[in-house]
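> Assemble the whole structure, with the sequences as input and the hints as a guide.
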Amino acid sequence: IAFYGLAYWYTWQVSILGLGPIWMSKNEKAKEKAAKLIEEGAIFAFGLSEKAHGADIYGTEMALTPQEDGSYKANGEKYYIGNGNEAAMVSNFGKFADKDGNIPPYDMKNKEQYVFFIANYKHKNYELIKNVCDSQNYVANFALHDYPITEEDILSKGEEAWNS
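Numbering of the sequence shown is given in the working numbering, commencing with residue 2 and proceeding in unit increments.
These are calculated hints, taken from the structure and not from any lab test.
Note that CB positions come from ideal geometry on N, CA and C, so glycine has one too.
Check before you lean on any hint, since a few could be wrong.
Here are the in silico distance ranges between beta carbons for each label pair [as the list claims (entries may be wrong)]: (1) P67 x A8: 18 to 28 Å; (2) W13 x N103: 31 to 41 Å; (3) Y107 x A43: 31 to 41 Å; (4) W10 x D99: 33 to 43 Å; (5) K131 x G102: 19 to 29 Å; (6) E29 x V133: 28 to 38 Å; (7) L7 x G102: 36 to 46 Å; (8) G55 x K30: 29 to 39 Å; (9) N111 x Q137: 39 to 49 Å; (10) K52 x N111: 19 to 29 Å; (11) Y81 x K112: 31 to 41 Å.
Calculated cross-link-like contacts (lysine to any residue; reagent style SDA-like; alpha-carbon spacing at most 25 Å) [to be verified]: (12) K37 x E113; (13) K52 x W163; (14) K125 x G6; (15) K32 x G6.
Structure representation (structure tokens):
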């Protein structure tokens, strides 16, 4: 792989960040999908920071609300996410909410509330809000609105998500 400028390097570096939670997970289907996408030339993204919290993972407001069928609905906004407009797999960090969508209070000792899951920018419930910087790189502000998440989309939970 050859890179001829910082803009190309940035896309690659952000892809590596996005792949981290995938490779570290026990979700073999996600790993297989990522490997296939890499062979096809796809890029990836790492959905961690939020406008109100930056990279303060304790304060994340991205939430997965449990549904009666065992699936989840993802709701929340991410900010300053490189490749967020084209990533085939966006690794998102969030918290599990209760059935009413309430996010657990800030608790540094309770890591069971955390989750990493995959979203795709092409889904109708993935709102690409804007590019937050003026360069050829696309650094996204995006929101998930009742984005459907199944167990297949979950990379890790609890302590494993925290450590990813």
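> None of the hints should be skipped; say for each whether it holds.
Going through the hints against the structure:
1. Distance hint check: the CB atoms of P67 and A8 are about 40 Å apart, inconsistent with the given range 18 to 28 Å.
2. Checking the proposed 31 to 41 Å range against W13 and N103 shows it holds: the Cβ atoms sit about 39 Å from each other.
3. Remark: the range hint 31 to 41 Å for Y107 to A43 is upheld by a beta-carbon distance near 35 Å.
4. The given range of 33 to 43 Å is respected by W10 and D99, whose C-beta atoms sit roughly 42 Å from each other.
5. The hinted window of 19 to 29 Å between K131 and G102 holds, with their beta carbons roughly 25 Å apart.
6. Look at E29 against V133: about 34 Å separates their beta carbons, and that is inside 28 to 38 Å.
7. For the hinted restraint 36 to 46 Å between L7 and G102, the CB-CB distance of approximately 40 Å keeps it satisfied.
8. Distance hint for G55 and K30: a CB-CB separation of about 32 Å, consistent with the stated range 29 to 39 Å.
9. Checked against the hint of 39 to 49 Å, the C-beta distance between N111 and Q137 comes to roughly 41 Å, which is consistent with it.
10. With their beta carbons about 24 Å apart, K52 and N111 fall inside the hinted range of 19 to 29 Å.
11. Between Y81 and K112 the Cβ separation comes to about 24 Å, which falls outside the hinted range of 31 to 41 Å.
12. Taking the CA atoms of K37 and E113, the gap is near 31 Å; set against the 25 Å cutoff, the hint is violated.
13. Using a Cα cut-off of 25 Å, the hinted pair K52 and W163 holds, with the two alpha carbons roughly 20 Å apart.
14. Taken as a hint, the K125 and G6 pair is broken in the structure, with Cα atoms around 33 Å apart against an allowance of 25 Å.
15. Straight-line distance between C-alpha atoms of K32 and G6 comes to about 29 Å, which puts the hinted pair past the 25 Å bound.
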